[in-house]
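Enquirer: Residue numbers (our numbering), protein chains in the order written: chain Z, 1 to 319; chain U, 1 to 319; chain V, 1 to 319.
Honestly, the hints are just simulated from the structure, not real lab data.
Incorrect hints may have been included.
Same chains, same names: a pair is fine if it fits in one copy or spans any two.
Taking lysine to aspartate or glutamate and the EDC-like style, the derived pairs with C-alpha atoms no more than 16 Å apart in a straight line are [claimed, not checked]:
1) K298 <-> D242
2) K235 <-> D212
3) K38 <-> E175
4) K265 <-> D307
5) K288 <-> D64
6) K298 <-> D285
7) K235 <-> D274
8) K265 <-> D300
9) K202 <-> D212
10) K202 <-> D242
11) K202 <-> D237
12) K288 <-> D212
13) K45 <-> E175
14) K45 <-> D211
15) K298 <-> D237
16) K235 <-> D307
17) K298 <-> D274
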Amino acid sequence: MKKSLLALAALTAFAGVASAQSSVTLFGIVDLNARSTKTGSSTVKSLSQDGNASSRLGFRGVEDLGGGMRAGFWIEGAINPDTGTPGGQSWQRRSTVSLMGGFGEVRLGRDYTPSFWNYTVFDPFGTNGVASMAQVVNGSLGSGATTFVRANNTIGYFLPAMGGLYGQVQVAAGENVTGNKYIGARLGYAGGPVNVAGAFGKTYRTGTMVDDYTDMNVGASFKLSFMTLMGQYSKRDYSTLDQTTYLIGALVPIGSGTFKASYAKSDGSTVANDATLIGLGYVYDLSKRTAVYAQFAKADRTGSANDVTAYEFGVRHSF
Amino acid sequence: MKKSLLALAALTAFAGVASAQSSVTLFGIVDLNARSTKTGSSTVKSLSQDGNASSRLGFRGVEDLGGGMRAGFWIEGAINPDTGTPGGQSWQRRSTVSLMGGFGEVRLGRDYTPSFWNYTVFDPFGTNGVASMAQVVNGSLGSGATTFVRANNTIGYFLPAMGGLYGQVQVAAGENVTGNKYIGARLGYAGGPVNVAGAFGKTYRTGTMVDDYTDMNVGASFKLSFMTLMGQYSKRDYSTLDQTTYLIGALVPIGSGTFKASYAKSDGSTVANDATLIGLGYVYDLSKRTAVYAQFAKADRTGSANDVTAYEFGVRHSF
Amino acid sequence: MKKSLLALAALTAFAGVASAQSSVTLFGIVDLNARSTKTGSSTVKSLSQDGNASSRLGFRGVEDLGGGMRAGFWIEGAINPDTGTPGGQSWQRRSTVSLMGGFGEVRLGRDYTPSFWNYTVFDPFGTNGVASMAQVVNGSLGSGATTFVRANNTIGYFLPAMGGLYGQVQVAAGENVTGNKYIGARLGYAGGPVNVAGAFGKTYRTGTMVDDYTDMNVGASFKLSFMTLMGQYSKRDYSTLDQTTYLIGALVPIGSGTFKASYAKSDGSTVANDATLIGLGYVYDLSKRTAVYAQFAKADRTGSANDVTAYEFGVRHSF
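Go ahead and model the full structure; you've got the sequences and the hints to work with.
Expert: Below you can see the structure in the form of structure tokens.
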């Protein structure tokens with residue numbers, strides 16, 4: 001069920017008065033799990049979260065302005081249901097206002113960076129939980145760049161629907177804050193069984209940074225009759241440091257559930273950024289909105305005596 | 001009026017399409033009062049809050065999964081309407097996800113502890129305002145335990161409806177945070193005019209604690225034709241310290257209002273935890289959702305020259 | 001479209017059951033702009049916010065208690081969509097509970113002060129954006145008073161509708177916090193083309209303050225056939241410091257938009273509080289809820305080598 005707040009529109013409609021196609025939607029996810037993480041010889045059991053999807057609360061809406069134009073807003077914040085504490089910034093997952101039309105979409109505010117999307121779209125585990133490739137990606141190389149996932153103060157442009165082609169560009173004002181001055185772009189094609197995209201992001205040397213930080217990545221997925229294969233390759237650079245990472249993975253629908261598997265490998269210019277990760281998981285959908293899941297991961301970190309073995313059992317509920 | 005966001009379900013129903021019995025509810029309470037508190041010879045007049053109920057904002061929902069199974073979530077945070085400041089943690093009043101069925105309920109997240117409930121259920125003033133017994137209860141004895149009311153990182157199980165029997169058990173992962181590793185249980189019976197329950201909670205020695213902290217309590221209420229009598233007894237222990245507290249109280253409905261009275265007495269192993277409290281109050285219901293109230297309390301603290309005399313006049317509005 | 005959550009009331013009505021005239025409304029504004037600010041010889045380009053209206057998220061509601069009595073609540077917090085960070089206090093824009101009837105309104109909680117309103121009502125730019133007179137007003141004169149816009153812990157009374165007369169008084173409990181103990185009043189008349197009001201506020205010497213802080217202001221607007229003229233005068237005093245400010249401005253509707261212009265001048269007892277400001281702007285309404293705007297300001301600060309030239313282009317969307 002959607003929670004779009006169309007109540008008064010409904011009432012108005014019953015009274016025979018035309019109403020614009022506008023709506024405000026309340027939405028969110030609560031995802032909690034019982035987790036065990038063994039690092040080296042030490043095991044920690046925890047009630048953790050976000051194994052399958054990031055817990056959140058948000059409000060979004062679209063207003064029809066007529067003539068094919070629309071305005072929209074989106075404010076979404078992380079919630080930490082394992083403790084109830086706020087998730088970093090209050091609406092930091094996304095806070096935007098948009099104007100949309102035949103020309104595409106202009107979006108202002110705090111938003112995901114173009115160079116982030118391939119990491120999550122082309123990983124069977126997305127960027128959540130113990131088995132995600134994100135566990136072995138160094139998203140700043142110590143540069144102080146804060147743009148791996150999102151950036152503050154952005155102006156972005158998204159292409160309109162053009163066959164299967166999709167794309168976006170984004171600039172973020174630096175405003176004298178270390179690591180936020182950014183420019184990035186992403187271009188992709190999704191059609192039939194294929195989805196493929198490439199992206200590039202550059203975080204300008206600002207504040208305490210000694211060089212620009214860059215992120216280049218490509219990903220692809222192919223849907224077969226009984227499974228979806230996917231893979232991605234990425235490279236991050238900062239001063240004398242770099243890290244390349246690739247992943248191959250698969251999603252196999254089985255009944256009401258999906259089996260997930262992935263293998264990821266990171267190679268860094270320093271051994272601290274070398275790692276391999278094997279991920280296995282099963283998500284069982286109790287409904288479109290609710291799932292239970294079990295996930296397992298084994299990470300070998302070349303430069304550390306502390307390899308990680310982790311598993312988690314959880315419940316994810318969207319509203 | 002409930003604010004359950006069933007709008008689209010309604011719209012869907014009008015279009016003849018079946019919709020699941022699902023809902024998301026926005027709810028809250030704003031409770032503000034003018035308060036005078038005389039401590040020793042010093043009087044402070046304030047615009048205070050939560051004299052009748054704790055101010056809050058929350059979202060909760062239940063989804064019917066079919067076959068008797070349901071999923072639910074609940075995120076609820078304190079609001080401080082006297083200043084607008086956030087109430088400690090953001091959704092700290094409760095942040096949970098649940099699976100429910102004939103087997104009862106499994107609940108994960110930040111939640112009330114089983115050992116808390118008797119304190120509020122069997123006090124005419126609950127745990128709010130100047131006249132609540134909570135004013136003379138020491139809920140941690142300096143131990144650092146944070147589990148008197150709620151705990152982070154909990155997994156809980158609730159019995160299904162079984163005649164009047166009710167009960168729950170809960171464990172909270174410590175996650176190396178002082179005072180949060182907890183186990184507790186509560187069992188009760190409510191039938192006819194009687195409600196009686198007992199609970200026990202143990203907070204394990206973690207971090208800076210030097211011993212386990214325990215809380216044992218029992219309470220009962222009995223509904224007569226013209227009033228409800230209630231009483232409770234509790235004992236908290238930590239290392240060489242302990243405190244026992246008992247209360248007797250009454251709720252007397254008069255017209256659209258309720259008269260409240262209580263007498264509570266705490267005895268501690270140190271004189272600083274000795275106190276008596278007399279509470280008197282009247283709550284007048286303007287509607288099911290809105291009430292005005294007046295409350296008076298006199299606390300004698302044996303180990304202090306600063307006895308407290310306090311009264312408050314307030315408005316409580318639920319939405 | 002309003003987002004009042006009347007859904008269940010609607011459903012109830014369809015079932016033929018009477019329902020009270022009660023509602024809870026979710027509301028908000030997202031306002032983001034591209035801004036350039038030149039201070040002295042240094043130019044900063046930024047993605048900024050609140051050029052046309054203050055970004056916010058809130059919930060408010062009114063319950064009909066019968067007999068002409070109503071109860072209401074209002075919790076509203078700032079959002080910072082350019083970064084997603086919380087806006088100071090969580091529901092700090094307003095957090096109140098009210099009882100309303102033929103006698104007027106009694107309101108408790110954190111609220112705007114009576115002495116604030118004339119500043120925003122009688123400025124073409126309100127108190128938002130680079131061109132607002134607020135840019136050259138010193139709202140505390142270093143006193144530590146926090147009551148220029150809002151106060152914590154207030155009890156207020158509003159006159160009922162009486163012809164065009166309107167008015168309010170407010171006291172704020174000090175609660176031993178520097179700069180919050182306040183008393184203020186506002187009285188005005190709005191009828192036909194005229195709106196005129198005067199207000200006075202006094203923040204008592206508390207905490208680190210060495211004297212009372214006072215704010216006296218008057219404002220008026222007059223609606224002509226093709227434009228609205230407005231002006232205001234204000235004086236703030238603290239110990240040996242004072243600042244007087246006046247403004248003349250105009251709003252000129254042109255098609256679906258409004259042209260705005262203002263001239264403001266501040267004179268202080270010290271040269272640091274001397275300034276002049278010229279503001280020009282245009283707001284184009286794409287709908288009742290959505291507007292794009294361009295605003296320009298030039299501020300000459302007598303006591304500073306750093307004059308300010310600023311402009312901004314933005315989108316404001318209300319929900």
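Enquirer: Look at each hint and say if it fits the structure.
Expert: Cross-check of the supplied hints:
no.: 1; hint: K298 <-> D242; result: neither (23 Å within a copy, 47 Å between copies)
no.: 2; hint: K235 <-> D212; result: within (14 Å within a copy, 50 Å between copies)
no.: 3; hint: K38 <-> E175; result: between (42 Å within a copy, 13 Å between copies)
no.: 4; hint: K265 <-> D307; result: within (14 Å within a copy, 55 Å between copies)
no.: 5; hint: K288 <-> D64; result: between (28 Å within a copy, 11 Å between copies)
no.: 6; hint: K298 <-> D285; result: neither (25 Å within a copy, 56 Å between copies)
no.: 7; hint: K235 <-> D274; result: within (13 Å within a copy, 54 Å between copies)
no.: 8; hint: K265 <-> D300; result: within (10 Å within a copy, 59 Å between copies)
no.: 9; hint: K202 <-> D212; result: within (7 Å within a copy, 52 Å between copies)
no.: 10; hint: K202 <-> D242; result: within (14 Å within a copy, 49 Å between copies)
no.: 11; hint: K202 <-> D237; result: within (10 Å within a copy, 51 Å between copies)
no.: 12; hint: K288 <-> D212; result: neither (43 Å within a copy, 44 Å between copies)
no.: 13; hint: K45 <-> E175; result: between (42 Å within a copy, 7 Å between copies)
no.: 14; hint: K45 <-> D211; result: neither (40 Å within a copy, 21 Å between copies)
no.: 15; hint: K298 <-> D237; result: neither (26 Å within a copy, 43 Å between copies)
no.: 16; hint: K235 <-> D307; result: neither (23 Å within a copy, 45 Å between copies)
no.: 17; hint: K298 <-> D274; result: within (14 Å within a copy, 55 Å between copies)
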